[in-house]
Amino acid sequence: MAAALRSEFRAEPNLTPLLDVVFQLITFFMLVINFSSENYDQRVRLPVAESAQPVTDERRVSEDRLVLNVDKDGHLLIGGEVQPLHKAIQTIKHQADLVKLNLKAGGVKADPSGSLPTTIILRVDREATFSSLISLIKACETNGFRKFRFKAMNS
Amino acid sequence: MAERKKVRRAQGPEVPVAPMLDMAFQLLTFFVLTYKPAPAEVQFGMNLLPSQPAIPISTEAPSDKPDDKLPASLRTLPTFLRAGDGGRLAQIKVGETAIPTEPKDALEKELDKYLQDPNLPFDQTVLKVDPRLKYAELVKVINAFSNAFARAKKDPKISFDELAPGEGD
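Going down the list, the protein sequences come from chains A and B. Be aware that the first sequence starts at 1, since it is given in our numbering, and climbs by one per residue. Be aware that the second sequence starts at 1001, since it is given in our numbering, and climbs by one per residue.
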């Protein structure tokens, strides 16, 4: 009788499979987490292009890139800050100086034509006018950036 | 009684899984809230050239086979883009030829004539663009040039410049 009272019925769910599934989910999200979301500023609505090429991972990894987000008013969005044209030009020059410094520190010989190996990724809002864009492009060219990639959305 | 004690010792220590599961859920919640899927974007890759003065297109083919020794100004195909109301593309002119904005492949067909003709030396282009033109419209033209250069098996080389009033008329 006392023994029957002492033995209590306990329902203990098996937590091991649940823990296993949770670790699977954690691993998935750890692998797909993207810390460079600043480069994909959602305020910029890209235009639609029918036959542009998708970005391959190999290209992403191999090239040195500088992403320029331009809103519909032609302002540069960088580091969460909205920069008017004159400040944007200074930012571009500063970035070019950093690239040259890195090349020098790495012992890489500078290109005689003054071209820098960095690729400019232009994410420009579809409503931006050419006049605002050309000023930025000219500023990039003046500072040695020759490689450009114009981003768009696939149709 | 002694047998029960032996059975209990053989099972070993029990590890409480509940706290570990609790921490795992905390981590999962963090990653779920910070997850932001990367947008599916595409791109046009090109080497921009410094602005080159383009000369009017001559209807006569050069006597020698065109090669890289020709000056860049002779190898540059001038294209003029004029904007209409609301920044939309109103007029396209390739050299001296006006191209209708519709149908969409009209520009590509015209570009094929210049880029795929072995007697013509063009391997780059200068886009003289109306400052009022919207970027979305410019991308359509870049799209056409990108396709045309690809079909001609040439590297896309483009330079941009602002269209002055009255230029290209």
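No lab work stands behind these hints, which were simulated from the structure alone. Heads up, some of the hints might be wrong.
Below, computed lysine-lysine pairings styled on DSSO-like, alpha-carbon distance capped at 30 Å [what the hints assert, rightly or not]:
| hint | chain 1 | residue 1 | chain 2 | residue 2 |
| --- | --- | --- | --- | --- |
| 1 | B | Lys-1128 | B | Lys-1093 |
| 2 | A | Lys-147 | B | Lys-1154 |
| 3 | B | Lys-1128 | A | Lys-87 |
| 4 | B | Lys-1104 | A | Lys-147 |
| 5 | B | Lys-1104 | B | Lys-1140 |
| 6 | B | Lys-1140 | A | Lys-72 |
| 7 | A | Lys-147 | B | Lys-1153 |
| 8 | A | Lys-72 | B | Lys-1153 |
| 9 | A | Lys-138 | B | Lys-1128 |
| 10 | B | Lys-1153 | A | Lys-87 |
| 11 | B | Lys-1154 | A | Lys-138 |
| 12 | A | Lys-147 | B | Lys-1128 |
Residues of chain B clear of chain A, computed beta-carbon distances all greater than 12 Å [said to hold, decoys possible]:
| hint | residue |
| --- | --- |
| 13 | Pro-1016 |
| 14 | Lys-1109 |
| 15 | Glu-1162 |
Note that the structure is a prediction, hence the values are computed from the model and not measured. Quick reminder that beta carbons are idealized off the backbone N, C-alpha and C, glycines included.
Here is what the structure says about each hint:
A distance of roughly 10 Å separates the Cα atoms of B/Lys-1128 and B/Lys-1093; the hinted pair therefore holds under the 30 Å criterion. Distance restraint check for A/Lys-147 and B/Lys-1154: the Cα-Cα separation of roughly 16 Å lies within the 30 Å cut-off, and the hinted pair is therefore satisfied. Annotation: proposed proximity of B/Lys-1128 to A/Lys-87 holds, straight-line Cα distance about 26 Å (limit 30 Å). Proximity of B/Lys-1104 to A/Lys-147 is assessed by CA-CA distance (about 27 Å); at most 30 Å being required, the pair is judged to hold.
The straight-line distance between the Cα atoms of B/Lys-1104 and B/Lys-1140 is roughly 9 Å, inside the 30 Å bound, and the hint therefore holds. Taken as a hint, the B/Lys-1140 and A/Lys-72 pair is honoured in the structure, with Cα atoms around 17 Å apart against an allowance of 30 Å. For the given pair, A/Lys-147 sits about 19 Å from B/Lys-1153 by alpha-carbon distance, which is consistent with the 30 Å threshold. The suggested pairing of A/Lys-72 with B/Lys-1153 is violated, with an alpha-carbon distance near 34 Å, which exceeds 30 Å.
The suggested pairing of A/Lys-138 with B/Lys-1128 holds, with an alpha-carbon distance near 14 Å, which does not exceed 30 Å. Of the pairs offered as hints, the one joining B/Lys-1153 and A/Lys-87 is violated, with about 39 Å between alpha carbons and a cut-off of 30 Å exceeded. Pair hint B/Lys-1154 plus A/Lys-138 holds up; C-alpha atoms about 24 Å apart against a cutoff of 30 Å. Among the hinted pairs, A/Lys-147 with B/Lys-1128 is consistent with the structure: their alpha-carbon atoms are about 19 Å apart, no more than 30 Å.
Interface exclusion of B/Pro-1016 from chain A breaks down, the closest Cβ pair being 9 Å apart, not more than 12 Å. For B/Lys-1109, the non-interface assignment is confirmed: its Cβ lies about 15 Å from the closest Cβ of chain A, beyond the 12 Å cut-off. With a closest Cβ-Cβ approach of about 6 Å to chain A, B/Glu-1162 is found to fall inside the 12 Å limit, against its non-interface label.
Consistency note: the structure conflicts with the earlier hints numbered 8, 10, 13 and 15.
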